[in-house]
Each structure stands twice: as structure tokens, then as C-alpha cells.
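Just so you know, the sequences run in chain order C and G.
Using our numbering, you'd call the opening residue of the first sequence number 1 and step up by one each time.
Using our numbering, you'd call the opening residue of the second sequence number 1 and step up by one each time.
In case anyone wonders, no lab produced these hints; they're calculated from the structure.
Computed from a predicted model, the values in this text were never measured in an experiment.
Certain hints may be false.
Claimed, not checked - Cβ-to-Cβ under 8 Å is the rule here; a few derived chain G residues that face chain C:
#: 1; residue: PHE179
#: 2; residue: GLY186
#: 3; residue: VAL415
Claimed, not checked - DEER-style ranges, computed between Cβ atoms:
#: 4; chain 1: C; residue 1: GLY56; chain 2: G; residue 2: GLY194; range: 30 to 38 Å
#: 5; chain 1: C; residue 1: SER123; chain 2: G; residue 2: ASN136; range: 52 to 60 Å
#: 6; chain 1: G; residue 1: GLN55; chain 2: C; residue 2: LEU70; range: 47 to 55 Å
Ideal placement from N, C-alpha and C gives every residue a C-beta, glycine not left out.
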Amino acid sequence: MKTVRLPFSAGIIPALVLLAFAVGGWWIAQEWGRSSGMFPRFLGGVFIGLATLELGIHAFKSVFRKAETLIDSEEFRKQLFGFGWLGLLLLMIYLLGFMVTVVLYVFLFLRLHGRFSYLVSTSIAIGSVAFVYLIFRRLLEYSLFPGILW
Amino acid sequence: MLESLDLAVDFFLSDWTTIVYLMMGVLIGVLFGVIPGLGGTTAIALLLPLTFGMQAEQAITMMGGIVGSSAIGGSVAAILLNAPGTAPNAATCFDGYPMTRQGKAGIAIGAAVAASSIGGLIGVVVLIVVLPITRNIVLMFGPPAFFMLALLGLTSLTVASGNFLRGLLAACVGLVIGFVGYDDMGGTQRYTFGSDFLWDGVALVPILIGLFAIAEMLKLFVEGGAIAKEANAAKIKLAGTWQGIKSVFSNMPTVFSGSIIGSIVGMVPGVGGTVSSFLSYSFASQFTRKNNHFGKGDVRGVIAPEAANNAKDGGSLIPTLAFGIPGSAEMALFLGVLIMHGMTPGPMLLIEREWSIMVLIIALALATVMSGLVVLAAARFLVMVSFLNSAIIIPAVLAISLVGAYALNAHMGDVIVAVAFGFIGYMMIKFDYPRITLVIALVLGSMMERSFLQSMTIFRGDWTGFFSDTTSLIIFCLVLLALAFPVAHKIRGVLTK
Numbered sequence: 001m002k003t004v005r006l007p008f009s010a011g012i013i014p015a016l017v018l019l020a021f022a023v024g025g026w027w028i029a030q031e032w033g034r035s036s037g038m039f040p041r042f043l044g045g046v047f048i049g050l051a052t053l054e055l056g057i058h059a060f061k062s063v064f065r066k067a068e069t070l071i072d073s074e075e076f077r078k079q080l081f082g083f084g085w086l087g088l089l090l091l092m093i094y095l096l097g098f099m100v101t102v103v104l105y106v107f108l109f110l111r112l113h114g115r116f117s118y119l120v121s122t123s124i125a126i127g128s129v130a131f132v133y134l135i136f137r138r139l140l141e142y143s144l145f146p147g148i149l150w
Numbered sequence: 001m002l003e004s005l006d007l008a009v010d011f012f013l014s015d016w017t018t019i020v021y022l023m024m025g026v027l028i029g030v031l032f033g034v035i036p037g038l039g040g041t042t043a044i045a046l047l048l049p050l051t052f053g054m055q056a057e058q059a060i061t062m063m064g065g066i067v068g069s070s071a072i073g074g075s076v077a078a079i080l081l082n083a084p085g086t087a088p089n090a091a092t093c094f095d096g097y098p099m100t101r102q103g104k105a106g107i108a109i110g111a112a113v114a115a116s117s118i119g120g121l122i123g124v125v126v127l128i129v130v131l132p133i134t135r136n137i138v139l140m141f142g143p144p145a146f147f148m149l150a151l152l153g154l155t156s157l158t159v160a161s162g163n164f165l166r167g168l169l170a171a172c173v174g175l176v177i178g179f180v181g182y183d184d185m186g187g188t189q190r191y192t193f194g195s196d197f198l199w200d201g202v203a204l205v206p207i208l209i210g211l212f213a214i215a216e217m218l219k220l221f222v223e224g225g226a227i228a229k230e231a232n233a234a235k236i237k238l239a240g241t242w243q244g245i246k247s248v249f250s251n252m253p254t255v256f257s258g259s260i261i262g263s264i265v266g267m268v269p270g271v272g273g274t275v276s277s278f279l280s281y282s283f284a285s286q287f288t289r290k291n292n293h294f295g296k297g298d299v300r301g302v303i304a305p306e307a308a309n310n311a312k313d314g315g316s317l318i319p320t321l322a323f324g325i326p327g328s329a330e331m332a333l334f335l336g337v338l339i340m341h342g343m344t345p346g347p348m349l350l351i352e353r354e355w356s357i358m359v360l361i362i363a364l365a366l367a368t369v370m371s372g373l374v375v376l377a378a379a380r381f382l383v384m385v386s387f388l389n390s391a392i393i394i395p396a397v398l399a400i401s402l403v404g405a406y407a408l409n410a411h412m413g414d415v416i417v418a419v420a421f422g423f424i425g426y427m428m429i430k431f432d433y434p435r436i437t438l439v440i441a442l443v444l445g446s447m448m449e450r451s452f453l454q455s456m457t458i459f460r461g462d463w464t465g466f467f468s469d470t471t472s473l474i475i476f477c478l479v480l481l482a483l484a485f486p487v488a489h490k491i492r493g494v495l496t497k
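Just chain C, with the same shape it has in the complex (with noise of 0.2 Å):
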């Protein structure tokens, strides 16, 4: 198992990831009204807080206790392909539209991930399609995005 090794508690990266969402939104609530800014900002200043004890905590464990993290390469491989995926639908179904989407996306998925057989990946996809076609289109009438490309 191939492994990388951060010199440092992985849950500094979400902490510092939420510090900036809060002071931000902190920031931006500076600006509305006494009605539409007090809760938010009152929320802001919590936040802040909580997000700043949180990185404390991971940076005392990274400082102090000279915690660690090792990340399995195949793992961060697996999820990036993961996330690679879910990209591509969203762009497929922006360019192509639904329809097309649902059984082209599910077939290359069972075919190049899945590594099934041609024949099982058609099946799955075409069932899919017509799941989505049965019930959304025809039972529930509602009009899928076309995709731009059409």
C-alpha cells in the first residue's frame, strides 16, 4: 500500500475551511440592516469562534504532538475518479440533456468502470432510461433539460 505522508493533522484543511466561510459570511452581514443582521451576524461571531477552536485544536495536535497524516494513494486515486465521475455527468447532462445523459453516462459507467460486458451494460442503461422516461416524463409530465448542445 503506497502511502503520503502530510507532517501535519489532516483536519486542519476543513478547519480552515470553515474559518474562512464564517468570517466571510461574518463580513458580509456587516453590511444588512438591524432586522436582517442581527441574527446573522450574532451567528457569524459563533462560528468564528468554534471554527477558530476547532483549527486550534488540530494545530496544537500538529505543533505539539507532532500528529500526522497518511493518506493512502490508492484511496486519494479511487477518489478523484469518484469526483471525475460525478463531473462528468454534470457537464454530460449540461451539454446533452437528461435523456441522453441517463443511458450514455450509465453505460460508459458499467462498461469502462465497471468493466461488464457489453451486453449487461446496454441492458442497465436502456432499464434506466426507461425508468426515468416512465416515471418522470410520462407519469409525472415534468420537461427534462434538453442539454445545450440540441
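Chain C is fixed; fit chain G onto it per the hints.
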């Protein structure tokens, strides 16, 4: 109340499609319950968009079917695979799986089904008895009490989430997301960044789809293989289910104690099914004198948690319906269904839509019985789903989830929100941030802010007014108690060492 009951019964009898929707909910609930890691919450998130075109009562019937059946489905996986379908089924593993290894899987499934059905029905009876009293209590609640109640819901859920600080941080994120949109009280656009799409706020459904359905699929993608990784499909044998059902009737005290524990614990926001089933299990194991073989395949070790697990559904609907305080992720989603169909939970719901509540109660009662029958008939086949390669499940669930997210407002923005929250949900799993507190905060946020501002107006800006209102003060004491509980638990642990 009887009039409402009559109306609700007529509703079921007059339109056969209602029974079809209920059956759909039951089948999907059982199926999702069987698959470890998915459960009723994912099922509701995935099916929420399907209810848009339905009448409100039909929608709550279908969702009632899911709520009432997913726990029974979860017990199948717990008994046969030692992999609880849902977290509350974990206690069933202790004796259910040893029974499977002893070749008594059929007895365990029969006992689980019968105990769940009876427990579910007792939970429904408790709901019917307590709801009218709750209505009168709720009417005594003013804005300060509602603010404190929302605070209690958030606090107890955060404490129950296991990581207090991260639970609070997730709750803060939920509250901030809840601020997005046009604030009608102050006339300000908050966090919209000039986008028309964000004017109405971020819709709840795409967030739920992302946090639960999509995040779980990403997790499954990384883990790979089949969902049930350590069990052998060929070794699963089912026989003796009837003997299991009979064993429940010869252990009625265990069923009753479990059901009462489940109903009471279910009423407390944030405590929920897992605590109730473990509490019921430990109660049964401690107070059983005769032939105590708990942990080694005692059928009472299956009966006690399963009765509690299903009885809690009735109890957890009380704070959800009467106060709009969901006690669990499943209830938060259920609350979303109600709101989406114009049924705002709270005292007025109990007065104006009493018959709709009766529809839900009947749906829950029918679902517990129907799901029992479904499990008995199809347990062996249902469990095979867990042996499916995850590569088959992932693309279908992802695609259908995004279709559902889009169907809400026919806007691509909702699809992007669902994907973004899928990523956030996965990161929350990885870094051990509880998703439930984010959702509850999102749901409770607007009620919390509104009641806070109303209270401040009533008290003319003096926040000490919160403590001069008796109801509000009592609930504040409960908040302190909820906060003190883990601290006291830790101190006790240190002193014992």
C-alpha cells in the same frame, strides 16, 4: 378526532392509487433498508421529487410507507449479513447474526418481523394518544419557547452526533445556508451575490439529495466491490420463520418494554432509533433472569431492539408534527415533504389538517404490517441486493438523483447544488462531521431566527426576557442538561478509571 379518522379511512378506501403509493413506499423502504448504508433517509431523499405531482396526503402516505418499513428491511441485513441496514439495526446484530450462524436465521427473521410490526403498531397507538394532548401544550408556546425548542433540538442532536464541536460547526454551516435568499422580515437579499436563482434561497431537496444519496454513492465508489463484503450468499438459509413469529408472542413483556422504550425515546429530538434499540436491548438483557443467552443467539435479543426500533417512529413524529422539530435525519426529510406540500408543521397543522395526520398514522400502521409480510415473503431475494456489484447501483442512483433534483424547479442550478452538496457530504463523512446537524439546522434556521426576532421585539430588545418566560426557561434548563450530559459522562468515566 373521530371525524378526521373517518375522513382518513375514506381517503384510503376511495382511491386505490393511495394504496399503490403506500405499497411503493413499503417496497422501496424495505429495499433501501436492506442495503447497508442507504436506509430510509436515502430512500426519502431520492423519492422526494417523485411526490411533487402528488396530492399532499398521497405524498405523506408514500413517505409514511418508507418510514414504517425501512427499519424492518434493515433487520434482514443485520441478521443475515451482520451488516445493519440502518444504524438502529446494529443492536439486532448481537443476537441475530449468531442465530444465523447457528442455522436459525429463519427464526430470527420471523421474530424480527413480528416484533417490528407489533412495536410499530404500539408506537402508532402512543402517537394517537399523545397527539391531542400535545396540541394543547403547543398552543401554550410563544416565540421565546419556540426559539428555545429549536435550540434544544439542535443541541440534543449535536450532543447525540458524537462529536460536539464538529456537530456545532456543521449546524453553523446549516444555519448560514438557511440565511441565503430574500429576507422578508428585513427586506434584504442575503448571500445571493446578485443571483436570481438564490433569491428564494437554496432549496432543501437538492441539498438532501446531495448530502445523502450522492455522498453515499461517492463513498460506495471509493470502497468498491459489493455492499456486503464479508458474508457468503450461498450460506444463507431461511427456515423456521413461523417459529420465530410464535416466539414473539411467548415473549410479550420484552415486546412491550421495547415498544414503550422506543416510543418514549423517539419523542426526544436527537436521541432517536439507535439509542432506543440499544437501550431496549440492554434493558432486556439485564432484566431477563430465565435462560439468559444474550449475545449468543437469544431470540429476545432480536425482539427487544426491533420492537423499540419500530415503535420510535410513532414517537418521533410527535415533535416533528407538533413543533416542527425533527428528531432525526429521516424526520428532517419527512418535514421537507410536508413543507413542500404546503403543510407547515406546528400547532396549526394539528388543528387545520388533522385528517391528513390521520392519513399518516394509518399509513404508518399499514406500512409496519405490509413490510413485515414483504420481508417474510422476500427476505432471501432482498438480501441478494447487497451482493450486487456497487458499479451497477452507483450510476443509476446518481443519474436518478440528479433528475430528481432538477425536477423540483426545472432549473439546472438545483442540479449544481445537489452535486456540490454531494461533494460536501462526502467530505463530511471523510472528516467525521455529522451531516444530520447541518440538515436540522437548515430546517430549523428560519424558525429559530423568526422566533428570536419576534421575542426580541416582545422583550423590547432585552434578551433576559427569555428567562422570564416560564416555558422558555424550562426548555433552556433542558438545553443545559443536554449540554451537561456528555461532560458528566466524561467526568464519570475519568473518576471510574
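Cross-check of the supplied hints:
With 8 Å as the threshold, the beta carbon of PHE179(G) comes within range of chain C, its nearest partner Cβ sitting at about 5 Å, so the hint holds. This hint holds: GLY186(G) has a C-beta 3 Å from the nearest C-beta of chain C, less than the 8 Å allowed. Satisfaction of the interface hint for VAL415(G) is found here, the shortest Cβ-Cβ separation to chain C being roughly 6 Å, below the 8 Å cut-off. Our hint of 30 to 38 Å for GLY56(C) and GLY194(G) holds, since their Cβ atoms are close to 35 Å apart.
Distance hint for SER123(C) and ASN136(G): a CB-CB separation of about 58 Å, consistent with the stated range 52 to 60 Å. The hinted window of 47 to 55 Å between GLN55(G) and LEU70(C) holds, with their beta carbons roughly 54 Å apart.
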